[in-house]
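*Asks:* Sequence:
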Amino acid sequence: MTGSVALRAIIDDPALELIGVKVSSPTKVGTDAGQLCGRPDVGIAATGDVAAVLDAKPDCVAYCATAVRREDEAIADIVGYLEAGINVVTISAIPMVYPQAAPAKWRDPIERAAREGNATFYATGCEPGFVSLNLPTALLTGAGVIDTYRMDEYALDLDLAYPIWEVLHESMGFGKPDGHVPIRIASGKVHNDWGPVVRYIADALSVDVEDVALDWETVLAPDDLDTALGVIPAGTICGHRWQLAAVCDGRPVVSVQYFATVTSTPWPDSWPLPAQPGQGGMVFRIEGSPSMTLALRLDPAPGDKTNPGVAATAMAAVNAIPAVIDAAPGLLDAPLAGPSIVTRQTRRGTV
Numbered sequence: 001m002t003g004s005v006a007l008r009a010i011i012d013d014p015a016l017e018l019i020g021v022k023v024s025s026p027t028k029v030g031t032d033a034g035q036l037c038g039r040p041d042v043g044i045a046a047t048g049d050v051a052a053v054l055d056a057k058p059d060c061v062a063y064c065a066t067a068v069r070r071e072d073e074a075i076a077d078i079v080g081y082l083e084a085g086i087n088v089v090t091i092s093a094i095p096m097v098y099p100q101a102a103p104a105k106w107r108d109p110i111e112r113a114a115r116e117g118n119a120t121f122y123a124t125g126c127e128p129g130f131v132s133l134n135l136p137t138a139l140l141t142g143a144g145v146i147d148t149y150r151m152d153e154y155a156l157d158l159d160l161a162y163p164i165w166e167v168l169h170e171s172m173g174f175g176k177p178d179g180h181v182p183i184r185i186a187s188g189k190v191h192n193d194w195g196p197v198v199r200y201i202a203d204a205l206s207v208d209v210e211d212v213a214l215d216w217e218t219v220l221a222p223d224d225l226d227t228a229l230g231v232i233p234a235g236t237i238c239g240h241r242w243q244l245a246a247v248c249d250g251r252p253v254v255s256v257q258y259f260a261t262v263t264s265t266p267w268p269d270s271w272p273l274p275a276q277p278g279q280g281g282m283v284f285r286i287e288g289s290p291s292m293t294l295a296l297r298l299d300p301a302p303g304d305k306t307n308p309g310v311a312a313t314a315m316a317a318v319n320a321i322p323a324v325i326d327a328a329p330g331l332l333d334a335p336l337a338g339p340s341i342v343t344r345q346t347r348r349g350t351v
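For the record, in the sequence shown the residue sitting at position 125 is 125 according to the working numbering, with numbers rising by one throughout.
It should be emphasised that the hints constitute simulated quantities derived from the structure, not laboratory data. Every value quoted in this text rests on a predicted model; they were computed, and no experiment measured them.
SDA-like, lysine to any residue: derived pairs with alpha carbons at most 20 Å apart:
hint, residue 1, residue 2
1, Lys-189, Leu-168
2, Lys-176, Asp-223
3, Lys-189, Ala-101
4, Lys-189, Asp-108
5, Lys-176, Tyr-162
6, Lys-57, Ile-44
7, Lys-105, Ser-187
8, Lys-22, Pro-58
9, Lys-22, Val-42
10, Lys-176, Arg-241
11, Lys-22, Asp-59
12, Lys-105, Ala-65
13, Lys-22, Asp-72
14, Lys-176, Ser-264
15, Lys-305, Gly-280
What follows is a list of derived Cβ distance ranges for each label pair:
hint, residue 1, residue 2, range
16, Val-181, Thr-66, 18 to 28 Å
17, Ala-234, Ala-15, 53 to 63 Å
18, Ala-275, Pro-302, 17 to 27 Å
19, Ala-76, Gly-179, 32 to 42 Å
20, Val-29, Leu-139, 43 to 53 Å
21, Pro-277, Asp-223, 16 to 26 Å
22, Asp-223, Leu-139, 37 to 47 Å
Cβ atoms here follow ideal geometry from the backbone N, Cα and C, with glycine treated the same way.
Build out the structure end to end from the sequences listed, making use of the hints.
*Replies:* Set out below in structure tokens:
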């Protein structure tokens with residue numbers, strides 16, 4: 001999904017020229033790139049051959065293949081492009097949004113490949129990505145004394161917004177019995193993906209981090225809950241909350257908190273409310289002098305069925321391509337921002 005959105009954006013971007021498309025599905029090989037993303041034919045057929053991409057000598061590869069259950073393969077793919085001297089922008093290496101805090105299994109081979117190939121690597125996305133990195137630092141520009149910073153992300157009614165039972169049942173734990181530990185907790189995914197976000201904000205604030213601590217809990221369905229993906233039986237998990245926090249002087253100073261629910265999940269009194277009742281999004285909360293609260297929600301354009309989070313993830317990568325090509329070789333170790341990292345697409349003929 002994200003790859004097709006990114007492909008469409010590259011085709012539509014007046015500053016970019018598409019010269020090749022690498023696909024992983026054999027059924028897509030030979031298909032025109034335009035057909036793969038809902039655009040007219042552009043005269044470039046998809047290939048499954050990495051050598052064909054390398055022979056085309058692109059200035060940059062936008063790597064959008066999933067890394068879920070194929071981390072080692074994704075790292076190897078990225079390393080191969082960098083070693084060949086090709087710059088890489090990716091939304092598939094979430095821990096690398098802040099390389100200094102990324103796990104060594106990601107950082108070390110990618111850093112070595114970038115150095116050997118004299119190429120540039122940049123990982124970005126929506127959240128984790130520009131939402132959880134760029135927006136907070138913009139707020140902190142006007143901050144004084146900071147007591148605590150926290151970003152709350154609300155992923156509500158996921159059976160409607162993300163109707164993939166395998167993900168919701170296995171990763172989130174919906175429908176699992178009391179006491180089950182959701183895979184994203186048990187596997188360390190929360191630490192791997194959001195730890196760099198917490199570390200980035202903490203480093204920006206010069207916080208002396210003693211520990212990065214995880215706190216989590218689940219909510220059980222009080223009755224059988226009818227959802228778009230079937231019934232969540234009473235007494236099984238219908239929601240969960242986790243918080244990853246950078247601890248200083250024994251208290252959380254910088255944290256990210258995430259709430260995930262299915263339809264009709266009862267909202268615990270102890271959980272902070274979203275900005276709008278029943279609506280997902282993010283709320284940034286700064287306690288200090290001055291205190292600040294900022295609410296963000298992503299909505300699709302009228303008539304557009306694309307998940308807005310998917311669209312924003314893809315655009316964060318595509319919009320960064322020219323700046324990455326122009327950057328010095330190596331790992332870009334901070335999120336790109338500013339007037340050069342914005343969309344180059346505007347609607348024509350409208351007021």
